[in-house]
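Go ahead and model the full structure; you've got the sequences and the hints to work with.
Below, each chain spelled out in residue letters.
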Amino acid sequence: MVDNTEQSAAPASVGVQIKRLYKVFGPHPDKVMPLIHQGISKDELRDKHGHILGLRNIHLDIAGGGIQVIMGLSGSGKSTLIRHVNRLIDPTEGEVWIDAKDVVQMNHWALRRFRREQTAMVFQKFALFPHMTVMENVQYGLRVRGVRHKNRQEAAARWIERVGLAGYEDSFPNQLSGGMQQRVGLARALTNDAPILLMDEAFSALDPLIRSDMQSVLLDLQQELSKTIIFITHDLDEALRLGDQVAILRDGEIIQQGTGQQIVLKPADDYISSFTKDVNRGRVIRCRTLMTPGVPVQGPTVDASLVIEEVARVLSAEGFDAANVANSRGKLLGSISMGDIIAAMVPPKTEEAAAEPG
Amino acid sequence: MQWLEAFPAMAPEQLSALKKYIDQGFRAITREYGEAIERFFDPLKAFLIASERLLTQSPWWAVLVAMALLVLVSTRSLKLVLGTVVTMLLIGYFGMWEDTMKTVSMIFVCTVVALAVGLPIGILTSRSNGLQRLIIPLLDVMQTMPSFVYLIPVVMFLGIGKVPGLIAVVIYALPPVIRFTNLGIRLVSAELMEATEAFGASNWQKIWQVQLPLALPTIMGGVNQTIMLSLSMVVVASMIGVQGLGQPVLKAISNQYFTLGLFNGIAIVGIAIIFDRASQAYGKRLQRHSEVHHG
Chain A
1 MVDNTEQSAA
11 PASVGVQIKR
21 LYKVFGPHPD
31 KVMPLIHQGI
41 SKDELRDKHG
51 HILGLRNIHL
61 DIAGGGIQVI
71 MGLSGSGKST
81 LIRHVNRLID
91 PTEGEVWIDA
101 KDVVQMNHWA
111 LRRFRREQTA
121 MVFQKFALFP
131 HMTVMENVQY
141 GLRVRGVRHK
151 NRQEAAARWI
161 ERVGLAGYED
171 SFPNQLSGGM
181 QQRVGLARAL
191 TNDAPILLMD
201 EAFSALDPLI
211 RSDMQSVLLD
221 LQQELSKTII
231 FITHDLDEAL
241 RLGDQVAILR
251 DGEIIQQGTG
261 QQIVLKPADD
271 YISSFTKDVN
281 RGRVIRCRTL
291 MTPGVPVQGP
301 TVDASLVIEE
311 VARVLSAEGF
321 DAANVANSRG
331 KLLGSISMGD
341 IIAAMVPPKT
351 EEAAAEPG
Chain B
1 MQWLEAFPAM
11 APEQLSALKK
21 YIDQGFRAIT
31 REYGEAIERF
41 FDPLKAFLIA
51 SERLLTQSPW
61 WAVLVAMALL
71 VLVSTRSLKL
81 VLGTVVTMLL
91 IGYFGMWEDT
101 MKTVSMIFVC
111 TVVALAVGLP
121 IGILTSRSNG
131 LQRLIIPLLD
141 VMQTMPSFVY
151 LIPVVMFLGI
161 GKVPGLIAVV
171 IYALPPVIRF
181 TNLGIRLVSA
191 ELMEATEAFG
201 ASNWQKIWQV
211 QLPLALPTIM
221 GGVNQTIMLS
231 LSMVVVASMI
241 GVQGLGQPVL
251 KAISNQYFTL
261 GLFNGIAIVG
271 IAIIFDRASQ
281 AYGKRLQRHS
291 EVHHG
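Those sequence lines, one after another, are chains A and B. Sequential numbering of the first sequence, starting at 1, is according to the numbering used here. Sequential numbering of the second sequence, starting at 1, is according to the numbering used here.
What the hints contain is simulated information worked out from the structure, not anything from laboratory work. Watch out, some of these pointers could steer you wrong.
To be verified - Quick list of the computed label-pair ranges, beta carbon to beta carbon:
no.	chain 1	residue 1	chain 2	residue 2	range
1	A	G26	B	F148	49 to 57 angstroms
2	B	L72	A	D170	22 to 30 angstroms
3	A	G26	B	E5	57 to 65 angstroms
4	B	L72	A	G26	52 to 60 angstroms
5	A	D99	B	Y33	57 to 65 angstroms
6	B	W61	A	D170	34 to 42 angstroms
7	A	R145	B	I152	51 to 59 angstroms
8	B	Y150	A	G26	41 to 49 angstroms
9	A	P27	B	D140	25 to 33 angstroms
Stated by the list, open to error - When the alpha-carbon atoms are kept at most 25 angstroms apart in a straight line, the in silico DSS-like pairs for lysine-lysine are as follows:
no.	chain 1	residue 1	chain 2	residue 2
10	A	K42	A	K19
11	A	K125	B	K206
12	A	K42	A	K31
13	B	K206	A	K150
14	A	K101	A	K19
15	A	K19	A	K31
Computed from a predicted structure; not experimentally measured. Using N, Cα and C, we set each Cβ at its ideal position, and we do this for glycine too.
Shown next as structure tokens:
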């Protein structure tokens with residue numbers, strides 16, 4: 001079963017480099033740019049000059065084939081940032097390099113082609129077409145590209161099945177629950193077969209159980225697809241679960257980026273530590289970080305990339321006190337004990353805790 | 001202080017000179033271009049004649065079956081089909097079949113022309129706020145200007161007959177199509193339009209695949225209005241030679257034939273109700289997809 005029209009040559013993963021990106025909202029962004037370069041504050045710009053600073057000097061190097069999460073609270077500029085990748089919003093200044101091309105410099109036609117072939121987007125409020133069936137919605141991207149009816153029908157049917165909606169092809173979006181609607185949104189984006197997937201708070205409108213379900217669906221799909229996914233969220237747990245890399249955005253600036261573990265273990269400032277203190281550290285810290293190098297111990301062998309909560313589960317199930325840690329090729333690296341794990345899962349002492357007599 | 005007692009109007013000689021000047025200019029234009037304009041509308045005339053021939057020369061039962069089928073297909077309601085058949089049978093029994101067919105034909109052509117002109121204008125209006133500011137007041141003028149006023153230039157250019165009648169009716173009945181098309185397209189949510197943009201749709205694809213289908217129920221509301229307004233114009237249009245149910249009414253006014261006027265009036269109301277219910281039910285059916293079946 002070789003299908004020549006679809007996925008014949010799955011494109012190599014494409015990275016995204018965002019450089020010196022600024023976005024100013026207001027009547028004359030160009031006129032206030034010099035002030036911004038001189039370091040005017042966001043409030044002063046708003047009160048004295050009537051312009052809103054959306055994004056300030058964003059640098060983000062997104063590797064191909066991974067999930068880059070951009071996390072921030074509402075008003076941090078995260079939705080503005082993701083819309084610069086496919087230029088639904090034009091930047092005031094800066095560059096967005098994808099596949100050796102600067103999206104910012106593209107003309108109308110090149111941009112349209114780029115959107116059709118290189119990107120696909122999933123929206124917070126689904127944005128499904130209410131007058132089209134599930135089947136027609138999922139085909140939309142290919143229809144816009146002018147793919148023949150039979151071919152796009154096949155591709156759409158495959159993805160509808162893959163996201164678990166087989167049997168709902170002829171339903172209208174309004175007949176589906178929120179979780180099912182976003183599965184349609186995901187299938188619509190995946191059917192486009194674009195190397196870059198933009199997800200703007202894609203799961204935020206879903207209730208917690210469904211959300212966690214959809215996160216699993218996405219991680220599962222990503223295992224085999226290895227797309228470049230840019231995922232926006234306001235939820236740190238979601239960011240840590242999904243993100244290979246996490247960038248934290250505040251007031252239009254990136255204040256920390258790194259792996260989830262780096263952010264939890266070494267928060268850049270109080271703002272970030274106020275988020276991370278409630279995180280379940282057992283699901284973030286990997287045993288590679290915690291192990292003691294050296295002598296093998298009596299006990300099971302676990303993979304170095306496993307999170308420590310999983311190791312604790314293995315240990316308690318098998319009744320051991322410590323485990324050996326090996327890399328993906330099976331080479332023994334060191335060991336990890338239950339005591340280390342418990343100590344690491346407890347949040348670090350804050351000043352108040354330290355002040356307590358004890 | 002005479003201007004305090006009587007309004008300081010233009011002197012009568014000046015005023016009549018001005019009117020005469022404008023009239024002469026206008027007459028010169030009609031003399032110059034009248035024929036060209038008439039030729040321009042020839043295809044419309046052919047359309048009108050063909051449609052009227054089809055309705056008046058087909059056997060009455062064929063027209064009745066066709067109407068019943070049309071109502072059935074557009075509404076899926078047997079009650080409405082039955083109402084249509086009974087109304088049409090009564091109209092025929094009281095000797096108004098032929099006039100009714102002429103009126104139905106006129107309304108049909110008017111609606112087609114209003115759609116052909118109004119849809120593109122409505123689409124353009126929805127795409128530009130500047131154009132909207134220009135078009136909406138123009139539509140207000142078209143709808144409030146007494147129809148007799150614009151009958152004058154129409155008759156001057158085209159004389160008496162079907163085509164000038166059609167133009168007069170279309171001027172009156174066109175605004176709802178433009179308004180509702182403009183409104184329907186503007187009501188399509190910004191989120192959906194962002195999605196079309198993100199998938200790289202062209203303007204044409206946005207209009208045909210998303211905006212028009214989603215605006216269609218609203219546009220059907222406009223079509224319904226257009227049909228009703230055209231019907232209300234048939235009596236006025238009969239003054240400039242449009243045949244149909246309007247003419248007997250006109251005759252009844254000038255000769256004080258009460259019953260003749262009443263019968264034809266009731267026939268107009270009858271077909272108005274059929275058209276109204278059928279087009280509304282069709283508009284509702286277009287919104288099936290918005291019914292919520294699941295929380």
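Original post:
Does the Cβ pair B:L72, A:D170 satisfy 22 to 30 angstroms?
Top reply: Holds - the Cβ-Cβ distance for B:L72 and A:D170, about 24 angstroms, lies within 22 to 30 angstroms.
Original post:
Does the alpha-carbon distance linking B:K206 and A:K150 stay inside the 25 angstroms limit?
Top reply: The hint holds at about 22 angstroms.
**OP:** Confirm or reject the claim that A:G26 and B:F148 have a C-beta distance inside 49 to 57 angstroms.
**Re:** 53 angstroms, holds
Subject >> 41 to 49 angstroms as the expected CB spacing between A:G26 and B:Y150, which holds or is violated >> reply: At roughly 47 angstroms between Cβ atoms, A:G26 and B:Y150 fall inside 41 to 49 angstroms, so the hint holds.
**OP:** Evaluate the given range 57 to 65 angstroms for the C-beta pair formed by A:D99 and B:Y33.
**Re:** 60 angstroms, holds
Original post:
Taking 25 angstroms as the top limit, are the C-alpha atoms of A:K42 and A:K31 close enough?
Top reply: Given that 25 angstroms is the threshold and the Cα spacing comes to 15 angstroms, the pair holds.
**OP:** Sort out whether A:K19 lies within 25 angstroms of A:K42, counting only the CA atoms.
**Re:** The given pair, whose Cα atoms are some 20 angstroms apart, holds under the 25 angstroms limit.
**OP:** Could you grab the alpha-carbon distance between A:K101 and A:K19 and see if it respects the 25 angstroms cut-off?
**Re:** 13 angstroms, holds
Original post:
Would you say the C-beta atoms of A:R145 and B:I152 sit inside 51 to 59 angstroms of each other?
Top reply: Given a distance of about 55 angstroms, which is inside 51 to 59 angstroms, the answer is holds.
**OP:** Given the hint of 34 to 42 angstroms, check if B:W61 and A:D170 actually sit that far apart at their C-beta atoms.
**Re:** 39 angstroms, holds
**OP:** Starting from the range 52 to 60 angstroms, see whether the pair B:L72 and A:G26 falls in it by beta-carbon distance.
**Re:** 58 angstroms, holds
Original post:
Measuring from beta carbon to beta carbon, are A:P27 and B:D140 in 25 to 33 angstroms?
Top reply: 32 angstroms, holds
Every hint from the earlier list agrees with this structure, and none is contradicted.
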